[in-house]
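*Asks:* Following the hints, complete the assembly by docking chain B onto the known chain A.
Chains as they are written, first to last, in the working numbering: chain A, 1 to 469; chain B, 470 to 938.
Do not rely on the hints blindly, as some may be mistaken.
Said to hold, decoys possible - Heads up, simulated SDA-like pairs for lysine to any residue below, C-alpha to C-alpha not over 25 Å straight-line:
1) B/Lys-622 to A/Gly-427
2) A/Lys-114 to B/Phe-812
3) A/Lys-366 to A/Gly-427
4) B/Lys-868 to A/Gly-150
5) A/Lys-399 to B/Gln-931
6) B/Lys-716 to A/Lys-399
7) A/Lys-247 to B/Arg-735
8) A/Lys-296 to A/Gly-427
9) B/Lys-689 to B/Arg-735
10) A/Lys-247 to B/Gln-931
11) A/Lys-366 to A/Ser-443
In short, the hints are calculated from the structure, not lab data.
Protein chains: 2
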Amino acid sequence: MMSDLEFLFHPKSIAIVGTPRDPKDTAGGAGFLNALITFGYKGDIYPVNPKAREIMGLKCYSDLASLPRTPDYVISCIPASLTPQLVRDCIAKGVKAISMYTAGFSEAGDEGAKLEQELVGLAREGGVRLVGPNCMGIYCPSTGLSYQSGQSKEAGCVGFVCQSGGNSNLVALMGLDRGIRFSKIISYGNAADLNEADFLEYLTQDVETRVIAVYIEGPKDGPRFFRALATAASTKPVIALKGGRTKAGTRAAGSHTGSLATAEERWDALCQQAGAVQVYSLEEMLDLIETALYMKPPQGRRVGIIGWGGGASVTSTDACESAGLSVPTFSSELRQELARFAFGPGSSVSNPVDSAVVTNPSLFSKAMRIMASSNEVDLLLVHLPLDISHIVGDSDIWKVAGETVLETSQSLDIPMVVVQPHTAHPGNSAGFYALQQRCVETSLPLYSSAGQAACAISRYIQYHLWRSR
Amino acid sequence: MMSDLEFLFHPKSIAIVGTPRDPKDTAGGAGFLNALITFGYKGDIYPVNPKAREIMGLKCYSDLASLPRTPDYVISCIPASLTPQLVRDCIAKGVKAISMYTAGFSEAGDEGAKLEQELVGLAREGGVRLVGPNCMGIYCPSTGLSYQSGQSKEAGCVGFVCQSGGNSNLVALMGLDRGIRFSKIISYGNAADLNEADFLEYLTQDVETRVIAVYIEGPKDGPRFFRALATAASTKPVIALKGGRTKAGTRAAGSHTGSLATAEERWDALCQQAGAVQVYSLEEMLDLIETALYMKPPQGRRVGIIGWGGGASVTSTDACESAGLSVPTFSSELRQELARFAFGPGSSVSNPVDSAVVTNPSLFSKAMRIMASSNEVDLLLVHLPLDISHIVGDSDIWKVAGETVLETSQSLDIPMVVVQPHTAHPGNSAGFYALQQRCVETSLPLYSSAGQAACAISRYIQYHLWRSR
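Bound-form chain A, shown alone (with noise of 0.2 Å):
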C-alpha cells in the first residue's frame, strides 16, 4: 500500500510547537523557524511557546488549541514527555502531519521505545502521520520548506531518503559546489510511523526527482524496503548507503536512531537484488550522484584516457582497471593517426595517451574528438595535473586546458569526465573552484582523483546494465 504523501510536502502553514524564545538557541531545540524565515517560506508559520508573546516578529500562541487556523504541519521541539499529549491535541485540532524533532525514544533506550510507541498508537488511531521522531524533518525548496539555515534555495532533481539529519546537511552542502540540488529530503530519524519504504515510494513516483540517495542505518520494514527499493531502482537510479556496516557502527546506529541490526551480507544482497547502486561513504555517494546527474550512461566499460604525465596515465589506468572498466590498446591505426600531431619521446599514444598535447588547445581537442569518434571507447578520461602551469611557466595554461576540454566535450558522441587534483592552498583551491563551476554550468562530472571517477563510473555503469537486462 503505497502513501500518497503529497500533502507532506506542500504544507500551506507550518506551527512549531516548543519554539525556542531566543530562535538561535540550539541548546532549546534547532532553529526552525529562523530556517523557516530566513528561507523565504511563503505560508502561515506559528510559533507556539506559552512564556513568549512574539519570537522574531511572528506572534507566538501558548498552544496549538488557540491557532487561529489548523496548521497543515506541526514541528514539535517540546521534551519527549510531553509529545503523547502533543499528538492528541494534534489530533484534536485535525492536523495532519507532524514532524518530531524531539528525541529521546526507542535511541534512548527501553523507555523510550515504549514511549515512542505509544506515539505510534495515537497516532494512527487519530489519523495523524509521524515523521520521525529525533528528526531534522523535511526540506522542500519549491515550497521553501527548510530545517536549517544554510539550505540551498535552488531546487534540483535528486531525492534524498537519510535517516540522519547530520548526513543530510553534510551531503547537500558537500555537493552545492558540484552542482547538486534537491527535489526533496527526508531526515526521518527513528521511523517509528512514516518510514524509509514511504519515503522511496513517494520519491518514485515524483516528478521532480530524477535521482535518488538513501543513507539508512536500519529499515523498519525488510520486505517492504526491498521491494520499494527495487521499484524505485527499475525507474531511477538508486545510491544506496548503509549506515551501521560494522559491529561498532550498528550499535552507535542504535544510539543514534535506535536502529536494529541487519548483517551486511543481507543489505549488499538486498541492494544488488533490487539493483541499487551500493557506496560505502558519503564522499562516494557525492561522486555516484554527480555522475548520474551529467552523464550519460556509457554504452560500455571501455575508457580512453588522455593527459599530461607518464605516471599520471599509469596511475589513472590501474585506477580504471581496478575498478572494473578496460582500459584497451588503441588499434594501429588509431595510434598512427594520433601519432601524426608530433608526439616526442616521452609521449605515448596507445591508450593511456600522454602527451604535452594537453598545452595546445587546438591539437588537445583534435586528439580527443579522433579517440571519442574511434568505436574503440565507450567514454574520455581527461586527467589535468596539479602543477601544469609550474611546468610550463605560464599561469593561463591550467585554464586554458581546463576551457578546451569544456568546450570539447560539447561536441562528442560518447562521454567525457575530467581528473583535476587539487588542494586547500588559496590559490589552488580558487583555480579548481573555477573549473569546477564551469564544469557544472556544462554538465561535465570532475572529479578529485582517477580513483573517485573509476570507482563512481564502474558503479553507474553497473547500474545502466542491471537495468537494460
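*Replies:* Only chain B this time, still in chain A's reference frame:
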C-alpha cells in the same frame, strides 16, 4: 654491495648539456636551468649549447670539453641519439654522475632499449653513474638541487624514490599544505644504471630521512630490491605504491619507463614480507606520510571517537572498523563520567561520543581528556562537522572548536587525529586551510574524511606491530 651515493646529492657544480636557449621552453627540454637559478643553487652552473653565448645571464659553453672545470653533475637534455657521445665526453672530462632527462630509450621500444644498453656499458666501463634516462633526476633542498620551479626550498625528512617525475611533483605539491617536506626526491625513470635499490639503500642510511616513500613501476632487480626494502622498513617507515598493478597499467608502465611486469600478487607478498606499508594511490600515500610524520605510534587499535552529529558518528565508526581498527564500548564508569556534562537527548557517550559539547571549549576539552586518560582507547579521532557554524549560527565556532582540539592534543598521553570535511568553495576552503596550517604547526594529523584517516592509521599501526614483532 651498497653504493655510496652521497656525491650525487651534493654537487658543487652542474652542467646542463642541451640547455634550451629559452630555459622556459619545455618542448626543448625541461626548465632545469630555470629551476636551479630560481631555487638559489649556490654552486657553479654551466649551460652547454653550441648555438648560444649566454642563457639567463650565464655564460654558455659550446661543449663539455670547453668547461673551465670538471662539473660534479651533468644533466642531459640532448636527443637520445647523441647521448653515447655525451657519456664518452663525460668520462674524458672526469665527470662522476649524469642525470639523463633525455627520453627515447627502453620505454620507446627495441631500438631505444639497445641504445640504453650501450649507454650503461659505456658508463660502467668509464666509471660514471647514470640517473635515468627518461627522468627528472634529483631534488635535494639542502644543496639547492631542484628539477622543477615551484619545488619547496624548505627541507624536510621524507625521502622519496619515485620512478615518475610527474608523480614526484604531484606528491610534493599536494604535500605542501600538509606540512610534508622532503630530504631528497629521486625521479629515476628507466633505472638503466642506478636503480630503486641503490636509492632505497641510500635513504635507509641517510640521517636527514625519517620516512621513506617509494613509487615503483617495475623493480629492475627483484631479489636485491626485496633486501633493500626489508632493511629500509626495519629502520624507518617505508610507504610503497606500485604503478602498473593492472594489466593495462603494466602496459602503460612499459611505455612510460620501460618497466617489465611484476604480478600483483608477487608485489603484495614482497611488500608484506619486507614490512613495507602498501598503498594503492598517491592520495593514500600522502595520508600515510602525514600520519607517519606527525603521529606517535598508538599502542593498540582501539579508537575513541568524539564529534557532533549522530550520522557522522555512525559513518566514522564504520570507517574505523572497516579499516581494521576497533571502537570499543566504554565501561559504565567512563560513560557515567562523560554523562555528567549534561549530555542531553540525542547525545551518546558510549563511544562514539556524539554531543553538542563540541561547541563548548572547556567541556569539549574535558571530554577529550577524560577519554584519553581512560586506558580504554589507544587513540582519539575527533570529527568536526562541515556546517558547525551554520548549525550554531556563530561563524567563529568552527575556529574555536579547532583551537580547542589543537590545544588539548598537546597534553594528551595518547595520539589524536582530526577529521574535517571541506569543499573547494572559497569561504569553506579558506577555513579548512587555516585549520590545516595550525595542525601542521602543532604536528596534528588532519584528514578530509574518516575513511582516509582510518585507512592510514590502521596501516601505520600495522607497520609498528610488524617492527616490534
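*Asks:* Each hint should be assessed against the structure and marked as holding or not.
*Replies:* Here's how the hints hold up against the structure:
1. Distance restraint check for B/Lys-622 and A/Gly-427: the Cα-Cα separation of roughly 19 Å lies within the 25 Å cut-off, and the hinted pair is therefore satisfied.
2. A C-alpha spacing of about 22 Å is found between A/Lys-114 and B/Phe-812, which places the hinted pair at or below 25 Å, so the restraint holds.
3. Proximity of A/Lys-366 to A/Gly-427 is assessed by CA-CA distance (about 30 Å); at most 25 Å being required, the pair is judged violated.
4. In summary, the hint linking B/Lys-868 to A/Gly-150 is supported, as the alpha carbons are separated by about 18 Å, within the 25 Å threshold.
5. For the hint linking A/Lys-399 to B/Gln-931, the alpha-carbon distance of about 42 Å lies beyond 25 Å, and the restraint is violated.
6. The hinted pair formed by B/Lys-716 and A/Lys-399 fails the criterion: a straight-line CA distance of about 33 Å is larger than 25 Å.
7. About 33 Å separates the Cα atoms of A/Lys-247 and B/Arg-735, which puts this hinted pair outside 25 Å; it is violated.
8. For the suggested pair A/Lys-296 and A/Gly-427, the alpha carbons sit about 33 Å apart, so the restraint of at most 25 Å is broken.
9. A C-alpha spacing of about 14 Å is found between B/Lys-689 and B/Arg-735, which places the hinted pair at or below 25 Å, so the restraint holds.
10. With a C-alpha separation of about 21 Å, the suggested pair A/Lys-247 and B/Gln-931 falls inside the 25 Å cut-off, and the hint holds.
11. The hinted pair formed by A/Lys-366 and A/Ser-443 meets the criterion: a straight-line CA distance of about 21 Å does not exceed 25 Å.
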